[in-house]
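Student: Just so you know, the protein sequences line up as chains A and B, in that order. According to this note's numbering, the first sequence is numbered sequentially starting from 55. According to this note's numbering, the second sequence is numbered sequentially starting from 1300.
Derived by calculation from the structure, the hints in this document are not laboratory data. Possibly wrong hints are sitting among the right ones.
Below, a sample of chain B positions facing chain A; criterion: calculated Cβ distance under 8 angstroms [as the list claims (entries may be wrong)]:
1) MET1352
2) VAL1355
3) ARG1383
4) ARG1384
5) GLY1387
6) PHE1390
7) ARG1392
8) ASN1394
9) PHE1396
10) THR1398
11) ALA1407
12) GLY1408
13) ALA1412
14) ARG1460
15) VAL1464
In silico DSSO-like links for lysine-lysine, alpha-carbon gap of 27 angstroms or less [unchecked claim]:
16) B/LYS1417 / B/LYS1438
17) A/LYS305 / B/LYS1417
18) A/LYS307 / B/LYS1416
19) A/LYS288 / B/LYS1410
20) B/LYS1416 / A/LYS305
Between beta-carbon pairs, the in silico distance windows are [claimed, not checked]:
21) A/GLY401 / B/GLU1436: 32 to 38 angstroms
22) A/SER252 / B/GLN1391: 54 to 60 angstroms
23) B/LYS1426 / A/LEU206: 42 to 48 angstroms
24) A/ARG132 / B/ASN1442: 50 to 56 angstroms
25) A/ASN76 / B/GLY1450: 42 to 48 angstroms
26) B/GLN1391 / A/THR158: 49 to 55 angstroms
27) B/ARG1392 / A/PRO242: 45 to 51 angstroms
28) A/GLY240 / B/GLU1354: 34 to 40 angstroms
Here a beta-carbon is modelled for each residue, glycine too, at the ideal position from N, C-alpha and C.
Chain by chain, the residues run as shown.
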Amino acid sequence: MSAATTSVPSDARPVGRPLTANRLPKWAPAGVAAGSIALGCGIGLVGGLESKLQWGLISAALFLIISYALAAQVEGRRQAKDRFATSVVWVAFILAVIPLLSLTVYTIQQGADVVDGDFLTHSMMGVRSAGPGGGIYHALIGTLEQVGLATLMAAPIGLLTAVYLVEYGRGTLAKAVTFFVDVMTGVPSIVAGLFILSLWNIALGFNYSGFSGSLALAILMMPVVVRSTEEMLKLVPNELREASYALGVPKWKTILRVVLPTAIGGITTGVMLAVARITGETAPVMMLVFGAAYINNNPFDGPQQSLPMYIWQQYAVVNNDFGYARAWGAALVLIAFVMGLNLIARGIARWRSPKAGH
Amino acid sequence: MAKRIDVSGLSAYYSSTKAIEDISMSIEPRSVTAFIGPSGCGKSTFLRTLNRMHEVIPGARVEGKVLLDDENLYGSSVDPVAVRRAVGMVFQRPNPFPTMSIYDNVVAGLKLAGVRKKSVLDGVVEKSLKGANLWNEVKDRLNKPGAGLSGGQQQRLCIARAIAVEPQVLLMDEPCSALDPISTLAIEDLIGELKSQFTIVIVTHNMQQAARVSDRTAFFNLAGVGQPGKLIELDDTQRIFSNPSVQATEDYISGRFG
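Just chain A, with the same shape it has in the complex:
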């Protein structure tokens, strides 16, 4: 080898692999995809397959096989493996997106007709469940109050716990806290509901109320807030803390004025995502808030309603076409609410994150 590279005879072939090779054109993946889909549909038609799902799966399998085979023929084995892996990623991506997209589209289709001014501003009080009309105003109020109270309880506690774990926690206590936060992340929502039911409602004797629901929601929310805040605080470079200490700033002020502002974008996103998560919780709300057809603005006294529970009631208890329609409408509002929270979180994250540039 070394002899060949140092003195090249005039008639010698180039040493090593050539740098140019046959390449498939840029549009090849798209072409293969279109061809596979056409072929898959053809096979489905000819074979008389009922389910469109089968058509799709056949197309996907064809896409993988054809792109590998074609690339192996034209470009060689290494490129063929590369194309195969890329194709797998694309197929997996589409498989993941289809249910998400169809869920959103279907909910909008079903719910758009139901959601109007009346629907948003009226409760179910005095509405015949076997007839049209009624609305979600009471459920909307309930969800906002319950989730708001839960956030007021869980966000500060979670935030401070994360600050303790990252900035102060050493040794056994910190390890124990981390362990229990991990365990709490896995607590099923129904268990959180049962815990509050037995403690707050049975042992302490309080009545059903929105607040007892928010207690359970707070339990579910807290570990999520701790975890996300912890990760964000760990991302703050230690140099910033040292820079602050070196200016003679006490530790607590460093955390408050340097560390938290640097991480505030990520922390806000984490809290918002936790809020979005508990907004859709049904089980503890069902047990603790009880559900009401009328408007109850006071979360501390008496049954309230909430959006997830409203959806369930309209579907399972009312159980007729009018109920289904109302359930879809409420589902649409719930999805829009959660999506709105996510967008707000992203906006805040972008607005507050540290900026470079001019």
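Here the structure of chain A is known, so what remains is to put chain B in place on it, guided by the hints.
Tutor: Positioned in the frame of chain A, the structure of chain B alone reads:
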């Protein structure tokens, strides 16, 4: 304003590892003292013991005495926060606070200490930025983020931030190692000006820099890997670079190391 530092019998540890052993030296007020020596010999560790930044690292501790004009920094009733107000520090990599504007970066130390008066802060910003030779470059964009400046400007911003709290001593941990020659020159000039007000201690790997900026130079070395670093000698910079009294120093500065 500038104060004298007397160190005696100082050793520093990271958990059970001894990083520096039994260092004693005096650092004169209104002068520049440079620390040179190979990597890992404990220059930075020693520097950080001078404003109690060493103990910020979990498991780190210090034995011995550091006197700042007769006051032991490691006395039992001494508040490390107060020490760090008196002994400022500039780090190796520029580290302006990313959420703050240039203006807020400079007054961060004062603002966090509770100074609120706009007229006072305005004056400090102008004075400190002028002191750090940065005023002319940033005076029209004081409200822009500090992270948008170039590396050399950021480092001068950090120096402005450090001198804004009017410390008695300024510690610099390789302040030019991440900078280009022009920014380095700017900071070296600045050090020359600042020594009329502050006691300055600078760690550097660049021996020409030590020779250019410092009045006195301390050479640190370690006997081998895993051994603690020691002070070999401290003398006038002229002497260290022309006629050092220890052979190891001469070997190091003339490049015949190891």
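Student: Give a verdict on every hint.
Tutor: We went through each hint and held it up to the structure:
{"no.": "1", "hint": "MET1352", "result": "holds, 6 angstroms"}
{"no.": "2", "hint": "VAL1355", "result": "holds, 6 angstroms"}
{"no.": "3", "hint": "ARG1383", "result": "holds, 4 angstroms"}
{"no.": "4", "hint": "ARG1384", "result": "holds, 3 angstroms"}
{"no.": "5", "hint": "GLY1387", "result": "holds, 6 angstroms"}
{"no.": "6", "hint": "PHE1390", "result": "holds, 6 angstroms"}
{"no.": "7", "hint": "ARG1392", "result": "holds, 7 angstroms"}
{"no.": "8", "hint": "ASN1394", "result": "holds, 4 angstroms"}
{"no.": "9", "hint": "PHE1396", "result": "holds, 6 angstroms"}
{"no.": "10", "hint": "THR1398", "result": "holds, 4 angstroms"}
{"no.": "11", "hint": "ALA1407", "result": "holds, 6 angstroms"}
{"no.": "12", "hint": "GLY1408", "result": "holds, 4 angstroms"}
{"no.": "13", "hint": "ALA1412", "result": "holds, 7 angstroms"}
{"no.": "14", "hint": "ARG1460", "result": "holds, 7 angstroms"}
{"no.": "15", "hint": "VAL1464", "result": "holds, 6 angstroms"}
{"no.": "16", "hint": "B/LYS1417 / B/LYS1438", "result": "holds, 16 angstroms"}
{"no.": "17", "hint": "A/LYS305 / B/LYS1417", "result": "holds, 25 angstroms"}
{"no.": "18", "hint": "A/LYS307 / B/LYS1416", "result": "holds, 19 angstroms"}
{"no.": "19", "hint": "A/LYS288 / B/LYS1410", "result": "holds, 25 angstroms"}
{"no.": "20", "hint": "B/LYS1416 / A/LYS305", "result": "holds, 23 angstroms"}
{"no.": "21", "hint": "A/GLY401 / B/GLU1436: 32 to 38 angstroms", "result": "holds, 33 angstroms"}
{"no.": "22", "hint": "A/SER252 / B/GLN1391: 54 to 60 angstroms", "result": "holds, 57 angstroms"}
{"no.": "23", "hint": "B/LYS1426 / A/LEU206: 42 to 48 angstroms", "result": "holds, 45 angstroms"}
{"no.": "24", "hint": "A/ARG132 / B/ASN1442: 50 to 56 angstroms", "result": "holds, 54 angstroms"}
{"no.": "25", "hint": "A/ASN76 / B/GLY1450: 42 to 48 angstroms", "result": "holds, 47 angstroms"}
{"no.": "26", "hint": "B/GLN1391 / A/THR158: 49 to 55 angstroms", "result": "holds, 51 angstroms"}
{"no.": "27", "hint": "B/ARG1392 / A/PRO242: 45 to 51 angstroms", "result": "holds, 47 angstroms"}
{"no.": "28", "hint": "A/GLY240 / B/GLU1354: 34 to 40 angstroms", "result": "holds, 38 angstroms"}
Checked against the numbered hints given earlier, the structure satisfies every one of them.
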